[in-house]
Amino acid sequence: NAGVTQTPKFRVLKTGQSMTLLCAQDMNHEYMYWYRQDPGMGLRLIHYSVGEGTTAKGEVPDGYNVSRLKKQNFLLGLESAAPSQTSVYFCASSRNYLDRYEQYFGPGTRLTVT
Amino acid sequence: LAKTTQPISMDSYEGQEVNITCSHNNIATNDYITWYQQFPSQGPRFIIQGYKTKVTNEVASLFIPADRKSSTLSLPRVSLSDTAVYYCLVGDSQAGTALIFGKGTTLSVSS
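In order, the protein sequence lines correspond to chains A and B. First residue of the first sequence? That's 1 in the numbering used here, and the numbers climb one at a time after it. First residue of the second sequence? That's 1 in the numbering used here, and the numbers climb one at a time after it.
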């Protein structure tokens, strides 16, 4: 049982490049989330999904897109990376609506945009 | 939105009990109080959750007074490995599943 895994662990992009971050969970959780964490800050929610095929915007969605084609995977895309998107990205999942406050986090992806 | 306020940092020594208080004056009736722990370069980890009175698990205790405008996370006999950032969150029922993470409390435990 690997829990929540994220790919890649590190990435450096040039401004304007695109990339996709992959999150996978093997706990059969319904809900999945993408957060970003900047130095000295708490986590901010980017997008989330309450089930396969559904996504919703969080607190800071601009510049990002997401997809949840399979229940176990949640993809975060950056179409045209900007230096302001330099951050650590965390994926999380939770079992269902009743347990939405108990989220399981992945190890994070450290992204640098130059 | 139910904002939370907690101390920026706290210091302790090994073996002491640590109490971190969080204030959430605008907590809604249906909101739960949740605490997470985060080590450097790792994702946050769920510690404990409660609605009222007291909740205890193998890691910590959570005390919530009757008015629910604050809560206290209690860590018994801390060790060096408890050095981390601790986040107090209040579930935002209006936003559905969104948890609002603040800046947390950095706990430093010394020997």
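Don't take each hint at face value.
[Claimed, not checked] Label-pair restraints from in silico Cβ distances: (1) B:T29 with A:E59: 32 to 38 Å; (2) A:T5 with B:S108: 40 to 46 Å; (3) B:R77 with A:T5: 30 to 36 Å; (4) B:S110 with A:S80: 33 to 39 Å; (5) B:D67 with A:P8: 32 to 38 Å; (6) A:V12 with B:Y51: 42 to 48 Å; (7) B:P65 with A:T112: 42 to 48 Å.
[Claimed, not checked] Covered, in the sense of this in silico footprint (three residues per stretch, anywhere, with C-beta under 8 Å from a C-beta of chain B), are these stretches of chain A: (8) 43 to 51; (9) 100 to 112.
[To be verified] The list that follows gives simulated cross-link-like pairs (lysine-lysine, DSS-like), each with its CA atoms no further than 27 Å apart: (10) A:K9 with B:K54; (11) A:K57 with B:K103; (12) A:K9 with A:K57; (13) B:K3 with B:K69; (14) B:K52 with B:K69; (15) B:K52 with A:K57.
Rather than coming from a laboratory, the hints here were simulated on the basis of the structure. Ideal Cβ placement from N, Cα and C applies to all residues, glycine included.
**Asked** Which hints, by number, does the structure contradict?
**Response** 1, 2, 4, 5, 10 and 15
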